[in-house]
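Number of protein chains: 2
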Amino acid sequence: MQTRIGALALGRLLGDGWRGSGPTYAALAARVRSLVLDGRLPLDVRVPSERQLAEQLQVSRTTVTAAFDSLREQGFLRSRQGSGSWTAVPGGVRPTGGAIAPPTPDDVAHDVIDLAAATLPADGVAVRAAYEAALLELPRHLPGVGYEAAGLPAARRAVADDLTRRGLPTGPEQVLVTSGAVSAWSLLLRVLAGPGDRVLVEQPTYPNALEAARRSGARLLPVPLGGCGEPLWDVDAWRATLRQGTPRLGYVIPDCQNPTGGVMDDDTRRAVVAAAEAVGTVLVSDESLADLRAGGTAPRPLATFSDSVVTVGGLSKSAWAGLRLGWVRATHDLVDRLVEARLSWDLGTPLLEQLALAHLLDDPARERHVAGRRALVASRREAFEAALRRHLPHWRYRRPQGGLSLWVELRDGSSTAMAERAAAHGLRLAAGPRFGVDGALERYLRLPFVVPVERVDEAVRRLAALAADTPRARPSRLVV
Amino acid sequence: MQTRIGALALGRLLGDGWRGSGPTYAALAARVRSLVLDGRLPLDVRVPSERQLAEQLQVSRTTVTAAFDSLREQGFLRSRQGSGSWTAVPGGVRPTGGAIAPPTPDDVAHDVIDLAAATLPADGVAVRAAYEAALLELPRHLPGVGYEAAGLPAARRAVADDLTRRGLPTGPEQVLVTSGAVSAWSLLLRVLAGPGDRVLVEQPTYPNALEAARRSGARLLPVPLGGCGEPLWDVDAWRATLRQGTPRLGYVIPDCQNPTGGVMDDDTRRAVVAAAEAVGTVLVSDESLADLRAGGTAPRPLATFSDSVVTVGGLSKSAWAGLRLGWVRATHDLVDRLVEARLSWDLGTPLLEQLALAHLLDDPARERHVAGRRALVASRREAFEAALRRHLPHWRYRRPQGGLSLWVELRDGSSTAMAERAAAHGLRLAAGPRFGVDGALERYLRLPFVVPVERVDEAVRRLAALAADTPRARPSRLVV
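Which chain is which? The protein sequence lines are A and B, in order.
Each number in the working numbering corresponds to the 1-based position in the first sequence with 21 added.
Each number in the working numbering corresponds to the 1-based position in the second sequence with 21 added.
Since the hints were derived computationally from the structure, they do not count as laboratory data.
By construction, the Cβ of each residue, glycine as well, lies at the ideal position given by its N, Cα and C atoms.
Do not rely on the hints blindly, as some may be mistaken.
Said to hold, decoys possible - FRET-style restraints, in silico, Cβ to Cβ: (1) A/388 to B/383: 34 to 42 angstroms; (2) B/161 to A/132: 18 to 26 angstroms; (3) B/383 to A/192: 38 to 46 angstroms; (4) A/160 to B/127: 18 to 26 angstroms.
Said to hold, decoys possible - Listing some non-contacts, in silico: residues in chain A with all C-beta distances to chain B over 10 angstroms: (5) 37; (6) 47; (7) 143; (8) 387; (9) 395; (10) 489.
All chains, please: the whole structure from these sequences, using the hints.
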């Protein structure tokens, strides 16, 4: 998939700060290189001609030519006689990310502190109460078949009511109960995107969702999110990518974006949905982190802007990942297609789990439970940020508006090198490139801040030791 | 995918009984047509030349030419100048089967008797006891992450022990806990077969497994099973299909084959495994019905013949489908690959379900529970067969050695027509073509015999009325 970036857009992306003290061509090349490495300028994007860019930047054409020559030499541009230049990485090899696994019993036994997965302990009181209530209802269901691909009527109704309370009026027939949010997304890929179809993703985004799309045979079309101090969602970039790529599907996390923790504002929501609708792209809005906003009022659910938006949610973050409960909210028609596909996928979600789902969502104390969850997350975040200030005061990150992680900007491209050495320092880390499409994002690291408070200081101390012990990664590490 | 059938093999398949009282060419054409419709002679199989077949059958070449002309006219053969003839169906359209859904609450409300899905009520005592024990253990797990893609150590160990007790020595590291047997098969397809890869299936076989393979983009390669009075598994046909098609994967149900109820004997197991190994085909043995043998000693699990055989199992039939519990038993290496794939699939099976799984398999009373299950199934089968003798005494079927269904041979190709009219008679039926690859099997109907005893007479009475009300389906119905 090749897209273009115009001179105006590239000029904006380069910003004003790229001119340094050295030669202009070298500064320009360095800035382009770092945009590619950060995933801000995706791979295989056709850049403007030297003449156009020179005009836009008000530099001499010779300067741009020298910059492009240098980028080509380093492997960050590829050109074909007469047909322009495209962004690339040295060696042309594209390391894929791979999904993030939970820590194993082995990790726990060896006192490894997990900074890879973003997980929380169960909301034990709520989960136990839900299972106990479910078990009382079980006998009524034992004489039956036990599975229903769309979900138990009571569970579908509970999800519909919950979405309606959130401001998204929903009927039970619009709900499919799934075994978690990842399962919901994988099933949607199965039904809506065939091999070779283009699927738009935010960059960075949730690695397991990326991997699901890769394994379905989709071609990933990244839309870079903004860096520190910039808006995360650049509506113009979304419009351009949608128009040029006309992807079949798009995967977006508008609430507590993973890994950045950003929340999309209402105007951006409206604009992004309109841009997707204009080219027939079905947006899938993963709202499984929506309960973990750090504050402020809840924005309007993305699907309130258009019936074509599909909503995915789940209880892994707000209740417990051990539950494996999620849902899809879509048109009745799409739900029917998902049900059909599910009969050869997993046949349905376990009945007792679904009874527990209804209890968790219907629980009159639910708001209180979720508030408790938010408070737990807030205390862990504060402790984590304090420890960062103590041990790694120079690390920068975007202040999250919610979620479970910090998206940290490293000064050099050492993310993979750090992850590789983490075990020796008693840590488990997921490097930045896991969150992107083409092995970019080497200058970023996701840090889940949900380490138990009593372990935080030790965790960040180990992180600082690891950082001190990691040599500045050279670009060539990227493509080993 | 095109395969060939030699003159000798086609002669064997035609058998001795095809010559009737009319013209020989017409009898030969009629027999070939019925083999195609029954799925015994799959589609896109290249048939021998007229000369070769005439020699084999000891008839004149003119007879074979006239038979082939007639078949071509009816649409059951396609030929290309100079390159032979292939089996086909009229119109060339291939109706696909689609998975079988469980009955809906609507069906129950409208007093529809379900003869489509083969389901049983829960083994209520065992299931409740397992969940109660699981709930007592839950608090220990609530502080943890809650999911582990390979499965809880206790659940993996319980499955390994159970397989070992069945005569298949297994370590916990060879086990992946899945959300049912269908989910296990779908995950194996995801890891082992890419789009376009060939996957061998028995014909007839379990529709939801067929559909899983279709949706993964696989090309299905059917091996027809024998009809009434013949061995189900014809080792020569397996060898030929494996050698010609060199499929990546094969899906086989050696224990209580669904829908026929057959059990593969040890010699056939050995031969089929050797034939698959010789061409590098990974056989996946679905043993989720193994507990429901009607009698006799348990044959050796297929995987005892070779490490390359992958075993799939589950508790949907022997305990309850509402549990959604299954497993894969494979090499440690393949289990690792499945775990990796699962992180972007469903992340894992719910923790409480897995605790229940361990209890169900470890239960000292398990043998007693399973024996009770078998007795329930036997009583329902006897009642069903008695009702068939009363109301539909002319219907033939292979006596099942286990499982939950009869594979009934209709006198004409009216299976789809019957299924279409079933609702008007208060029944839900799955037509024969659902169990095959190319819309064949119109002369067959699967009848799950697990209707509650008090409903059996009514169910079969409705079936007889439906059969009387269904006109003999013409071949063209096949391809509507």
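Say whether it holds or is violated: residue 37 of chain A keeps its Cβ farther than 10 angstroms from all Cβ of chain B. holds (40 angstroms)
With 18 to 26 angstroms as the target window, see if residue 160 of chain A and residue 127 of chain B comply at their CB atoms. The hint (18 to 26 angstroms, Cβ to Cβ) holds, given that residue 160 of chain A and residue 127 of chain B are roughly 23 angstroms apart.
Confirm or reject the statement that residue 387 of chain A sits farther than 10 angstroms, beta carbon to beta carbon, from all of chain B. holds (18 angstroms)
Beta-carbon spacing of residue 383 of chain B to residue 192 of chain A - inside the hinted bounds 38 to 46 angstroms or not: holds (43 angstroms)
Any Cβ of chain B at or closer than 10 angstroms to residue 489 of chain A, or is the non-interface label fine? The assertion about residue 489 of chain A holds, with a minimum of 29 angstroms to chain B.
Going by Cβ atoms, does residue 47 of chain A stay more than 10 angstroms from chain B at every point? holds (41 angstroms)
Distance restraint hint 34 to 42 angstroms, applied to the beta-carbon atoms of residue 388 of chain A and residue 383 of chain B: holds (40 angstroms)
With 10 angstroms as the threshold, tell me whether residue 143 of chain A passes as away from chain B on beta-carbon distances. At about 4 angstroms from chain B, residue 143 of chain A fails to clear the 10 angstroms cut-off, so the statement is violated.
Cβ distance range 18 to 26 angstroms for residue 161 of chain B and residue 132 of chain A, holds or violated: holds (20 angstroms)
Just double-check residue 395 of chain A for me: nearest Cβ-Cβ distance to chain B has to come out over 10 angstroms. Nearest chain B Cβ is 19 angstroms from residue 395 of chain A, so the label holds.
Violated hint for the displayed structure: number 7, the only one.
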